[in-house]
Structures are given as C-alpha cells and as structure tokens.
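Going line by line, the protein sequences match chains A and D. When the count follows our numbering, it moves up by one through the first sequence with no breaks and lands on 248 for the last residue. When the count follows our numbering, it moves up by one through the second sequence with no breaks and lands on 1222 for the last residue.
Please keep in mind that the hints were generated in silico from the structure rather than gathered at the bench. Among the hints, erroneous ones may be present.
As the list claims (entries may be wrong) - With a cut-off of at most 25 Å between alpha-carbon atoms, the simulated DSS-like pairs for lysine-lysine come out as follows: (1) A/Lys-47 x D/Lys-1105; (2) D/Lys-1105 x A/Lys-53; (3) A/Lys-156 x D/Lys-1049; (4) D/Lys-1217 x A/Lys-153; (5) A/Lys-40 x D/Lys-1105; (6) D/Lys-1101 x A/Lys-214; (7) D/Lys-1049 x A/Lys-213; (8) D/Lys-1218 x A/Lys-156; (9) D/Lys-1105 x A/Lys-218; (10) D/Lys-1150 x A/Lys-156; (11) A/Lys-213 x D/Lys-1218; (12) D/Lys-1174 x D/Lys-1101; (13) A/Lys-156 x A/Lys-53.
Claimed, not checked - Each pair of labels, with its calculated beta carbon distance range: (14) D/Ile-1177 x A/Thr-190: 26 to 32 Å; (15) D/Ala-1210 x A/Asp-112: 44 to 50 Å; (16) D/Ile-1177 x A/Leu-116: 51 to 57 Å; (17) D/Pro-1142 x A/Lys-47: 51 to 57 Å; (18) A/Asp-112 x D/Leu-1048: 19 to 25 Å; (19) D/Ser-1007 x A/Pro-238: 53 to 59 Å; (20) D/Pro-1142 x A/Asp-112: 17 to 23 Å; (21) A/Leu-116 x D/Leu-1048: 22 to 28 Å; (22) D/Leu-1048 x A/Ala-14: 18 to 24 Å.
Everything numeric in this text was worked out from a predicted model, so none of it was measured. Here a beta-carbon is modelled for each residue, glycine too, at the ideal position from N, C-alpha and C.
One-letter residues, chain by chain:
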Amino acid sequence: MNHEFSVNSPFLFAAAGIILALVMAQAAFFLIRAWRQAKKLGIDTAKLKSVVKSSAIFTIVPAFSILIGVIALSKKLGVPLPWLRLSVIGALTYETAAAEAAAGAVGTSIGDTSTLLTASQFSTIAWVMTLGIMAGVILTPLISRRLLSGVDKLEKRDTRWGEILMSALFMGMISAFLGMIFGKVGEGLTGWIPVFVMLTSMVIMLICAVLIKKFKIKWIEDYALPVSMIGAMALAIPITNVVNAAIG
Amino acid sequence: MKFRDMSYDDGTHFWGRIWMWGMGIVLLMFPTAICLYFNAWPEASGFLKGLLAIAPMFWAVGTIEVLTYVPMLGAGGSYLGFITGNLTNLKVPCTITALNKVGAKPGTPEGEVVGTIAVAVSSIVTTAIIFIGVLLIVPLTPILDSPALKPAFDQILPALFGGLGVALIGQNLKVSIAPILSMVILFVCVPSLAPSGAIFVPVAAVIAIAAARLMYKKGWLK
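In isolation and in its complexed conformation, chain D is listed as follows (with noise of 0.2 Å):
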C-alpha cells in the first residue's frame, strides 16, 4: 500500500509504530554508550536485584496505563504520550482539558486529532522547560529546592486531581459516585495500597462501568 493512499487512522498506527519501536532502541543506546565509552559494564547482581526491585510494578503499571490512557488519548496521542512520559500528573489530564473546552469527545474523529495536539504541545512545552531549567539549574536550585516551597510541591498531586476532579465529577456526577466512594473508602481502610494506588485504576474504572451499566439500564442516565 502506498503512504498517499493511507487513511489518516492507518497512518497513524504506522508512523506511530515506527517512532515508537525506533526510539525505543534509540533509549537503549544510552545506557549502551555508557558502557562503552567508559567501559563501564553494570554489576550482574545490583542489575538483578534492582531490576526485580521495581520491574514487576513498573511493568504492571505500564500495562494498565496502556490499557486506560490509549482510549483517551487516543492513536496518535499515545503514540507520542507513551515516549514522552508524565502521563498521570500531566499529558492525561491535559488532553482532558482540551477535549472539553472544544466540546470533542474521545474516540471522535475530532477527539483523535485534538488529542494529539494537546500531548504533543505538551510534549515540546515540558522537553522545552525542562532544557531551560537543566541550563540555568545552578541558579534555580536554591530556589525551587528551598524547604519553604517544600510543601507546595509535595502536594502537587490533591492540588491537580483536587480541580479536575470538580471539573470531570460536574460533568458526570452520578457516574461518579460508586468509584470516588469505593476507592475512598478502600485507601482509608487499606492505607498500605495507597503507594501502588495506580494499579487500581482499572478496579476503579471496573467499577464505574458497572454502576454506569447498571444506571443506564434502569434508564437514570439519558
């Protein structure tokens, strides 16, 4: 098949793919030219046990990031969101606020391509902060890491899901109700799965679909 005859939906999925596999290996030439240059190989047994450390968990929530985000994000989105990172605490938020100030909604036409512009605006406004901030990091040490501004940015977190939740909640608020409680009440009673909170994203978005399911049936949501 010739690029020009490609929808924009299959163009997507095979430019995605190529990026996405391509940078893939280009991330695993890091650590490799770090090991050659300096001819420094990693230690087999730190490398286990650091590995298995964090992989397990960090795999399990890749896998459900994928499953939740890629729907909302969209192809092309999460093409780009998934090199670009920073999912939770910002391109997912972002892209639902730039759906709903254009009125698109995810899986739409109009929702892909406004998807994919939110995450990739995202994507060059963060690499683009993040360069100036790594240029001038000997004067904005002192400041950003200074302990007075400590507190602000341990809760950046309630502070962002604090207004977004208003703002999704008001649009939604009997689909709502059934996962904010239970998840509420799970982390209050279970305080020790708080630090893994992320893998219950899909139990709390199971369990949303189902009151939803459930309300729709019984017609309470038009």
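Chain A on its own, in the form it takes in the complex (with noise of 0.2 Å):
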C-alpha cells in the first residue's frame, strides 16, 4: 500500500477515532462495574450521583487546557496524531515535550509551520511520541496487586496510622507541585507570576470555604475548586500584565 501522505490524513482520523472508541468503551465497562459494586455495598445513589458531578464538573476546565494543547501542536503535526497522544495516556506536559524533542531528532521542530512534515518524519514522530508513554501501560497491570495488596496489609496492622501514610502519600505530590511553582523566583518579578496565582487560587478557594462553613452555602462544594481554577487562570492575565509593566 502507498497512499499519498498529509498529517490530517483521512485514515488518520479514522484510526483515531477507532481508538479512542475503544477508550470510551473501557471507561464505560469500569464505570459500570463499579457502579454495581457500589449499589452491592449499599453506597446511596444520591451519594453516587454527586461523585459523578463533582468529578464532571472539576473535569472541565482542565479538559480546555489539553484541548489547547491539541490545537498549539495541530499545527505542526495536523490534528489526528495530538488528538490521539492527548486524549489516550498522554499529558499535556509530556506530549508536548515528547513532540518537540521528536520533531528536533528527525531535523525539524514544532515551531516551524512554514515546511510540511514528510511520512517518515511522522512515522519517526508517532512512533518516539508513543514508545515514550509506555510505562505506565507495562508497570500498571504487573505490581498494581501487589502494590495495593502490601497498602492494605499495612492499613490492617494500623489502622491510623494507615490513614495518615495516605494522607502523607497526597501531601508528598502535593508538595513537589507547589515547591515547583516557586523554581522562577531566582529569575525576578516574573518568576513569582505562578506564585501570585497560586495565592490567588488558594485565596479563593478559602473563601468558598468559609461560605460553606460558615454560611452553611452547600452547592458551592461541587465548585470550590472548578470556581478557584478559573478565578486564578483569569486573574493570571491581569497579574502577567502587571508585572510585565512593572519591568517596563
């Protein structure tokens, strides 16, 4: 077979799309199962319904960033290939790092709009783009078990302080994410951007705890966190605006 190339190629979309049926279908098949599961353990529906909604709703906003990212790397690669990369195990930080250095090994780069890739860059790109995010596939279903099986264990022996290993496992992500947000402070006002929108992101969502708290507002709950995203990503564009005018 040789079929004439371009990166938003119609094949190329339709393979996509085969896949990522394939997904829905997995999500799908989980989310019954656990659902069953849930209704076994006399879980209320009401309580079921609101984990759906909270969850959909928090989903949204970042689900915006990574369609951005579909569209900066649609330029160089067509739609189909980030299409695929980001909807399917990738991340929005990997795959545009993965593309970039991918694009650089077969001579060319991202950036770069004005020549068109040929099929063997692509195939060379496609290829790097999905043998990098392996792990997770290959890791995932061999030490799961045993992983979750030695958590458990541990949590029987001690209940609390089981609890509190969990709690510090989240506290341990959490902590590495927010020490990162501080790694420009050494390049001047512009380094504390992320800083400034952090506070205000942590700002907000204090105030919609006290309005849940103290106010007894309960449906805020569902948008503490979807309302703090927002807020701070808004607030970001006036804030970079500042302080690029602070530096003149």
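From these two lone chains plus the hints, build me the complex, please.
Below is the structure:
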C-alpha cells in the first residue's frame, strides 16, 4: 500500500477515532462495574450521583487546557496524532516535550509551521511519542496488585497509621508540585507570577470554604475547586500584564 | 476459576490487565498503521535520537506515577487512569476531590468504587470535550489560541494546585509542613530541577511519611 501522505489524512482521523471509541468502551465498562459494586456495598445513589457530578464539573477546565495543547501541536503535526496522544495516556506536559524532542531528532521543530512534515518524519514522531509513554501501561498491570495488597496489609496492622500514611502520600505529591511553582522566583518578578496565581487560587478556595462552613451554602462544594481554578486563571491575565508593565 | 466466583477486586485485576495490555497493543497499532498505509518507515537515526531524548525521563516519571498514584486511585481507577492519562493535571485531583466529597478513604472498598467512578466519569467527559473541540477546531482556534488568553492557560497548574493545596493542607496541616517547606526550599535553591519536578514526588512523599511517622510515634497526630 502506498497512499498519498498528509498529516490530516482521513485515514488517520479514522484510526484515531476507532482507538478513542475503544477507550470510551473501557471507561464505560469500569464505570458500570464500579456502579454495580457500589450498590452491593449499599452506597446511596444520591452519594454516587454527587461523585459523578463533582467529577464531571471538575474535569471541564483541565479538559479545555488539554484541547489547547491539541490545537498548539496540530499546526505542525495535524489534528489526528495530537488528538489521540492527548486523549489516551498522554498528558499535556509530556506530549509537548515529546513532540518537540522527536521533531528535533528528525531535523525540524514544532514551531516551524512553514515546512510540511514528510511521511517518514511523521512516522518517526508518532513512534517516539507512542513508545515514550508506555511505562505506565506495562507496569500498572504488573505491580498494582502487589502494591495495593502491601498498602492494605499495612492499613490492617495499624488503621490510624495507614490513614496518616495515605495523607502523607497525598501531601508528598502536592508538595512537589507546590514547590515547582517556586522554581522561577530566582528570575526576578516574572518568576513570581506562578506564585501570585497560586496564592490567588488559595484565597478564592478559602473564601469558598468560609461560605460553605460559616454560611452553610452547601452547593458551593462542587464548584469550589473549579471556581478557584478559573478565578485564578482569569486573574493570571491582569497579574501577568501588571508584572510585565512593572518591569517595563 | 469461573468469572462468577471472582470477588470484585479479583475481577478488577483480571479485566484491568486484559484491557490495559489490549489497549497497549491497540496504541502501538496506530504508528504501525501509519508505516503500512503510507509505506512510511521511521528514520533509524531520528527514531533513536528522539527516543533517547525522552524515554529515560518519561519512563522514570511513569514508574514513579505508578508507585504514587495506584494507591490513591485504587485498582479500577488505575487500570483506567493509566490508559486515559492526564493523571497529575486531571485524574488524581479529580479523584481526591471525589473521595473528600463523600468522605471515603483510599484503600477501602468504598474508596475503590468511588475512585473508579471518578476516573471513569472524568475520562468520558475529557474525551467528549476534546472530541467536540476537534470537530469545532476551526472556529475555536482563534479564541483558545489568542495571545490575550495565553497567560491564563500558562498558569493552569498553579491555579489548580493552589486551590487543591488549601483543601488538603486544611485536613493535614501537621503532615504538610515538612514536605512543603523542603520542596519550596529545594526548588528555590536549585531552580534547574523544577522542569523535572515530577521526579521529586517520591522524595517529597518519603519526607512527608518520615515526618508523619515521627509525629505519630510522639503522639502529635491523634
């Protein structure tokens, strides 16, 4: 077979579409199984619906940021490859770096939108991006059972310590990412922008917490995190502009 | 063993492995199909150079993600989440929020199903939004890609972790002090490490666990 190549070939759209349909099927399969099990455990439907609602609401803003990643990469790589890579396994932070590294290795760059990719360059980039993110796919099935039963044994031995251990694990993750936000403060005032945005998000979250606890406005619970996120992102625009103006 | 006799957890691991390895093969079929359909084979030198540039780092981060996120997401959430991806910026915070909301603990039967439901719903919503976005890519591009909005989308992670940080620190104030201080000091003093920050998740987790263990032994954590 030898078809004329284009980064937006209908063949690529069809292939990406089929894979995404399978991913949706997997999500539906796990959702239905978990839902049935939840009913068996006697968890109320209202509680489950609130999980569904808060998860769906939470997802909207990050999903748009992923869409922006697709748009950014699509200028060079066409739509189907970034669409697939960012909807399956991919994460915004990795895929952009992977695409850039792969494009560099075949003698071009993602920013160079004036020249078209050859079929062979495109195929190289697709292979590098796909193999780069396979670690989780291979490892999760191999170790997650042992890992979970280890955690489980520990929790059974000392329930309170098990709980603290899980909280410490969460805090470890959050701390690493909070720390990274301070990574550019040495570069002067512009490096503080992420810190200012983080503080803005914290303040909005605290306001929401006060509204929920003191004024008993329960419905805010579902929206507290998305609201602090969107609020801080919206305020990032004037914050960035003010900082840039201050530097002159 | 018959499927009917399997416990829920055994079934999750059984089906999870089938789905995960199956999807892994399906994912490899995409670049394979490009090679066959267009008769376009990767350039050996470019392929090796590209893979060497990203694989060591990505595979290290991937391994760390499995070790850290599997206990948080639970079995079902992990088998699905490690296929649908976007864990740090989406699936993990989403699951933490869902668990907090209903007061379920990770590692319990309730935490397991709530985690799976949260990851599944989040995966379906993300895939749907990106699908609609791709259909509307022509009218959407000038809006989402505008320079005026760029500063907002550049700051998505600080905006996410600020709010999430408050929610979690509020519940574990004592446990949070040591890892947060050490990570902030680390990245301020050695800024060159910040781009590979995910590698430090286990370091921060070990610090958090060690500090928590000490406080627990001293009886500071009830």
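Each hint, compared with the structure:
no.	hint	result
1	A/Lys-47 x D/Lys-1105	15 Å, holds
2	D/Lys-1105 x A/Lys-53	19 Å, holds
3	A/Lys-156 x D/Lys-1049	48 Å, violated
4	D/Lys-1217 x A/Lys-153	19 Å, holds
5	A/Lys-40 x D/Lys-1105	18 Å, holds
6	D/Lys-1101 x A/Lys-214	18 Å, holds
7	D/Lys-1049 x A/Lys-213	55 Å, violated
8	D/Lys-1218 x A/Lys-156	21 Å, holds
9	D/Lys-1105 x A/Lys-218	21 Å, holds
10	D/Lys-1150 x A/Lys-156	48 Å, violated
11	A/Lys-213 x D/Lys-1218	31 Å, violated
12	D/Lys-1174 x D/Lys-1101	21 Å, holds
13	A/Lys-156 x A/Lys-53	32 Å, violated
14	D/Ile-1177 x A/Thr-190: 26 to 32 Å	29 Å, holds
15	D/Ala-1210 x A/Asp-112: 44 to 50 Å	48 Å, holds
16	D/Ile-1177 x A/Leu-116: 51 to 57 Å	54 Å, holds
17	D/Pro-1142 x A/Lys-47: 51 to 57 Å	42 Å, violated
18	A/Asp-112 x D/Leu-1048: 19 to 25 Å	22 Å, holds
19	D/Ser-1007 x A/Pro-238: 53 to 59 Å	54 Å, holds
20	D/Pro-1142 x A/Asp-112: 17 to 23 Å	21 Å, holds
21	A/Leu-116 x D/Leu-1048: 22 to 28 Å	24 Å, holds
22	D/Leu-1048 x A/Ala-14: 18 to 24 Å	30 Å, violated
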